[in-house]
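Each chain, letter by letter, is given below.
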Amino acid sequence: MKTVWTIAKREYNQYFNSPIAYVVMFMTLLVLGIIFAVVFRNSMDSAMFGGGFTPDNSPITGNLVFLMVFSAPALTMRLVSDELRMGTMELILTAPVRDWELIVGKWLGALLFILTLLALTLVYPLILNSQINNGLDWGQVLASYLGVLLVASAFLGLGVGISALFSNQAAAFFLSMGTFMFLWWLIGFPANLVQGGAEVFQYLDMQSHFYNTFNAGQIVLADVVYYLSLTALGLFVGTSAVEMRRWR
Amino acid sequence: MIRVNGLTKDYGSRRAVDQITFDAQQGEILGFLGPNGAGKTTTMRILTGYMPPTEGEATVAGYDVVEESIEVRRRVGYLPETVPLYTDMSVFEYLKFMGDLRRLPNVEDRVDEVLEQVGLAERADGTVHNLSKGMRQRVGLAQALLHRPEVLILDEPTIGLDPGQVVEVRKLIREIGKERTVLLSTHILSEAQNICDRVLIINKGRIVAEDTPENLQSRLLGAERVILRVRGETDDLPAVIEKVRGVQTVQSKEEGVVEFQFAPGQDIRPEVAKAVVGAGYDLLEMRPMGMSLEEIFLELTNTERGAK
Chain A
1 MKTVWTIAKR EYNQYFNSPI AYVVMFMTLL VLGIIFAVVF RNSMDSAMFG
51 GGFTPDNSPI TGNLVFLMVF SAPALTMRLV SDELRMGTME LILTAPVRDW
101 ELIVGKWLGA LLFILTLLAL TLVYPLILNS QINNGLDWGQ VLASYLGVLL
151 VASAFLGLGV GISALFSNQA AAFFLSMGTF MFLWWLIGFP ANLVQGGAEV
201 FQYLDMQSHF YNTFNAGQIV LADVVYYLSL TALGLFVGTS AVEMRRWR
Chain B
1 MIRVNGLTKD YGSRRAVDQI TFDAQQGEIL GFLGPNGAGK TTTMRILTGY
51 MPPTEGEATV AGYDVVEESI EVRRRVGYLP ETVPLYTDMS VFEYLKFMGD
101 LRRLPNVEDR VDEVLEQVGL AERADGTVHN LSKGMRQRVG LAQALLHRPE
151 VLILDEPTIG LDPGQVVEVR KLIREIGKER TVLLSTHILS EAQNICDRVL
201 IINKGRIVAE DTPENLQSRL LGAERVILRV RGETDDLPAV IEKVRGVQTV
251 QSKEEGVVEF QFAPGQDIRP EVAKAVVGAG YDLLEMRPMG MSLEEIFLEL
301 TNTERGAK
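Protein chains in written order, with the working numbering: chain A, 1 to 248; chain B, 1 to 308.
None of these hints come from the bench; they were simulated from the model. Note that this is a predicted model, so its numbers are computed, not measured. You may find that some hints are simply not true.
Computed list of lysine-lysine pairs in DSS-like fashion (alpha-carbon distance at most 25 Å, straight line) [to be verified]: (1) B:K243 <-> B:K204; (2) A:K2 <-> B:K96; (3) A:K9 <-> B:K96; (4) B:K243 <-> B:K253; (5) B:K204 <-> B:K253; (6) B:K253 <-> B:K274.
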């Protein structure tokens, strides 16, 4: 476990040495800031005309996960690819590090970075909370953030796994993004078209596990299991890829 | 410390290492000598647990490289040929990371110690990216020494170094080799001659010769050659030398220089000197002409080629 932590720590620090991390942070906060401003403004406008709604934090977390379809591949693309390209893989794999420790360490490093990013986005619910008479429903905020974290975990797990398949970062980036888009949007479509087996597609659809439950303030065990399974699948692919490279 | 038995590695249909068998004792510096692509790096990668062999077995410090890979890796220090380093870290950070991976106690003190040993203490805070090839090589060496490994495996340790650094690194290796086992590869023959206790000559994945550098020389030569130089003309000098008992062949070289051979083991140089001086020549020089490892090497690899 200590080895995992050593690797995670290095990866986390490494993010702040590269422009990618800052670009991801900047773009995420910029987009969320605009969305926040629009939602905030709308609720004020409608309040002036008597009706109105009380804004909550769900547009922020809802768009945060959507952005991750693009930002997660940027964060994971180099994790293993770069080691393969630079040859440092030889160094790691001849040190007493097990293959899974390497992969899990990489994933954890990326997850810590996402956690940092999530902490920064807490500024929006905090502002909302100060502007609403009765305050925010923190239970909903907490549940939605747990959901965001689980989605991030799944994306990053799969991303690390895909990164281990390529020594080329661009290939890892596009395959990861394609996979995420597929899981996020496309796999749910057949559910509306087919008669039998619709539940299967519905179950596999990644966004329904988030928007219908977590982002509405519910924590459902089945959803937690779903995201953790995807994470485990990604990490398993990554570990197998490293192992296969040895035997090649 | 290292025991290798019938080791074979195939890359697809290409056989990179073919039934290699050897071992190395503690306190021995074993040299792997061979042209590029002979299978040196592949063998080393198997011994460091980086890749498993196709056939055969190998143990390092008593642990099987496949079954007990982690134990092997704990005990081996490895300097890969390409010296891979994390270029965006500082030298110190890099070594600390490697030390943490190996879970060394008091990593920071140990890093300072090793940096001192390889002469990089002043560059500890510099980024690896800005280091010269020679310095990177030394960082790689520091990394290999970090955990005081029982076995040190060095792939082309002096490549890319300037002559001064080569001398330093060789000295360092010889020092380390006094207590620990060192396996190093090189295609520079004088290097093998210089630091190794024993040399394995490897070509096309096979071991073609194995001995001490000195024995390899005399064994292959079958005779000892001596160059003799006198002042002025040589005239009947070859005839004078030929008369000495034990001389096999005499050959006139350039002006004032004669080369003669005698069977190894019976040193007749004093007799030859007496005869030459007795015949009225001014003897200027007499020196043994060992067959260099270069020649041995070419000879061995050529026979291989001829046999095929």
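*List in ascending order the numbers of the hints, as given earlier, that are violated by the structure.*
The structure conflicts with hints 1 and 5, although it agrees with all the remaining ones.
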